[in-house]
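Each chain is listed here by its residues.
There are 2 protein chains.
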Amino acid sequence: MYIDAQTLYQALINGWIINAEGVIKFSMLGVDQTIKEKSAFGDLIQEWLWWWMSENGIEYRTKENTQEFPDFLLDKTSNEKGLLEIKSFDYTASPNFDVANFEAYVRSLTTKSYRIDADYLIFWYTLINGVVTIKNIWLKKIWEICCPSEKFPLRVQCKQDMIYNIRPANWYSESANYTPFQNKKQFLDAIQGTLNQYHKTSTTHRNWLNEVLNNYKQYEN
Amino acid sequence: MYIDAQTLYQALINGWIINAEGVIKFSMLGVDQTIKEKSAFGDLIQEWLWWWMSENGIEYRTKENTQEFPDFLLDKTSNEKGLLEIKSFDYTASPNFDVANFEAYVRSLTTKSYRIDADYLIFWYTLINGVVTIKNIWLKKIWEICCPSEKFPLRVQCKQDMIYNIRPANWYSESANYTPFQNKKQFLDAIQGTLNQYHKTSTTHRNWLNEVLNNYKQYEN
Numbered sequence: 206m207y208i209d210a211q212t213l214y215q216a217l218i219n220g221w222i223i224n225a226e227g228v229i230k231f232s233m234l235g236v237d238q239t240i241k242e243k244s245a246f247g248d249l250i251q252e253w254l255w256w257w258m259s260e261n262g263i264e265y266r267t268k269e270n271t272q273e274f275p276d277f278l279l280d281k282t283s284n285e286k287g288l289l290e291i292k293s294f295d296y297t298a299s300p301n302f303d304v305a306n307f308e309a310y311v312r313s314l315t316t317k318s319y320r321i322d323a324d325y326l327i328f329w330y331t332l333i334n335g336v337v338t339i340k341n342i343w344l345k346k347i348w349e350i351c352c353p354s355e356k357f358p359l360r361v362q363c364k365q366d367m368i369y370n371i372r373p374a375n376w377y378s379e380s381a382n383y384t385p386f387q388n389k390k391q392f393l394d395a396i397q398g399t400l401n402q403y404h405k406t407s408t409t410h411r412n413w414l415n416e417v418l419n420n421y422k423q424y425e426n
Numbered sequence: 206m207y208i209d210a211q212t213l214y215q216a217l218i219n220g221w222i223i224n225a226e227g228v229i230k231f232s233m234l235g236v237d238q239t240i241k242e243k244s245a246f247g248d249l250i251q252e253w254l255w256w257w258m259s260e261n262g263i264e265y266r267t268k269e270n271t272q273e274f275p276d277f278l279l280d281k282t283s284n285e286k287g288l289l290e291i292k293s294f295d296y297t298a299s300p301n302f303d304v305a306n307f308e309a310y311v312r313s314l315t316t317k318s319y320r321i322d323a324d325y326l327i328f329w330y331t332l333i334n335g336v337v338t339i340k341n342i343w344l345k346k347i348w349e350i351c352c353p354s355e356k357f358p359l360r361v362q363c364k365q366d367m368i369y370n371i372r373p374a375n376w377y378s379e380s381a382n383y384t385p386f387q388n389k390k391q392f393l394d395a396i397q398g399t400l401n402q403y404h405k406t407s408t409t410h411r412n413w414l415n416e417v418l419n420n421y422k423q424y425e426n
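From first to last, the protein sequence lines stand for chains Z and F.
Taken in order, the first sequence gives residues 206 to 426; the numbers are from this note's numbering.
Taken in order, the second sequence gives residues 206 to 426; the numbers are from this note's numbering.
Read the hints as simulated data drawn from the structure, not as lab findings.
Among the hints, erroneous ones may be present.
One copy or any two copies: either way a pair holds, since identical chains are not told apart in the list.
Claimed, not checked - Once the Cα atoms are required to be at most 20 Å apart in a straight line, the calculated PhoX-like pairs of lysine-lysine come out as:
hint, residue 1, residue 2
1, 345, 389
2, 422, 268
3, 389, 317
4, 405, 364
5, 268, 241
6, 422, 405
Can you make the complete structure from the sequences, with help from the hints?
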């Protein structure tokens, strides 16, 4: 059975995902230990979700290259709707995952503008003494997890004047300096504003938003 | 007991690391499965080595931030010798790990030139049906795993005229187009040549090699 992202989210909640505890173990040459480092967890939660969905009779497809966007195709046939990305971050820190590579995302929207409507399923976890605990999950659109920043209209990771990744807002925090965008249009405007301001794109990408909106027409119905 | 990288390498070989089989498991909400995706393995092998060394009475230190270079400090007191980095790659592919971020590595050598002598312990593995098998390990210096390329004197990852990472040679292949550097000097010359040719550094980094050699004087003895 294929289900949409909202139904999947609800199924996870109903399946007691919140406060669920997990253990990662690696055994080799007589060493049999639980994993205590956080870096592996992001990869594992995605693979865990494959299993969980299969065990619960939920069908899905993936890209042949599982490193490509998106992590899950929830629609039985379409590669343009039902796109689901999985993100995760540590409960003790602010969201620190990369929403997307800035340049690649900007480029992709001019020809694959349907990606703007992808869903993001986000796991908030702790990893203490080898035990993973899922503290919360969210289902969000990209504009709901992105925000402005002091330097650019879109919060990005910027080192030595080079923009690398789109970085998330603290969307669940009441004390965050910048709150997420209200809608898709605000988010796209913030990308255009960032492109206008960024030295690498300020002369070349003036028409980016129009290209995206033009491309998007074929996916609206 | 603190031991040097060569002794650690030999201890792993003597401890039957080659052809050792390992299993990664993640259990949560009734799903209890072996991990089949390769992306988590690089993180896990490092944590595995922590345990293996502890179980075998081998002492080591790490940086407080374990994401920083190097992965292991093998010397009891010095942070300038006994530096060990861990790398891994899939047996079915060419080496595809990042040796180092190019700009960060280049920058670091001008003030921390001792990093040039760090050891690289490299794991070659397969991951089939959830079973990791270590096919080989190597202990190498950085110049022994780097090589020239057609575009630059040093093989680097270059996208849209931007250099990102230093990429490895196929050092164990007899049919590789480019073989590794013969010595430290060749490797440093290749970096300088790449800096001279790269648009971001061609005017600013003409004196890089001299700076590095100057800095290195204090670590020679």
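Against the structure, the hints:
Taking identical chains as interchangeable, the C-alpha atoms of residue 345 and residue 389 lie at most 20 Å apart only when both belong to the same chain, with a minimum of 12 Å there against 50 Å between chains. With identical chains, the CA atoms of residue 422 and residue 268 are never at most 20 Å apart, being 25 Å at best within one copy and 52 Å at best between copies. Taking the closest pair of Cα atoms, residue 389 and residue 317 come within 20 Å of each other only inside a single copy of the chain (15 Å); across copies the shortest separation is 46 Å, beyond that limit. Taking identical chains as interchangeable, the C-alpha atoms of residue 405 and residue 364 lie at most 20 Å apart whether they share a chain (13 Å) or sit on different chains (14 Å).
For a Cα distance limit of 20 Å, the shortest separation of residue 268 from residue 241 across copies, 16 Å, qualifies, whereas the shortest one inside one copy, 30 Å, does not. For the identical chains of this complex, residue 422 and residue 405 are neighbours neither inside a copy (28 Å) nor across copies (39 Å), given an alpha-carbon limit of 20 Å.
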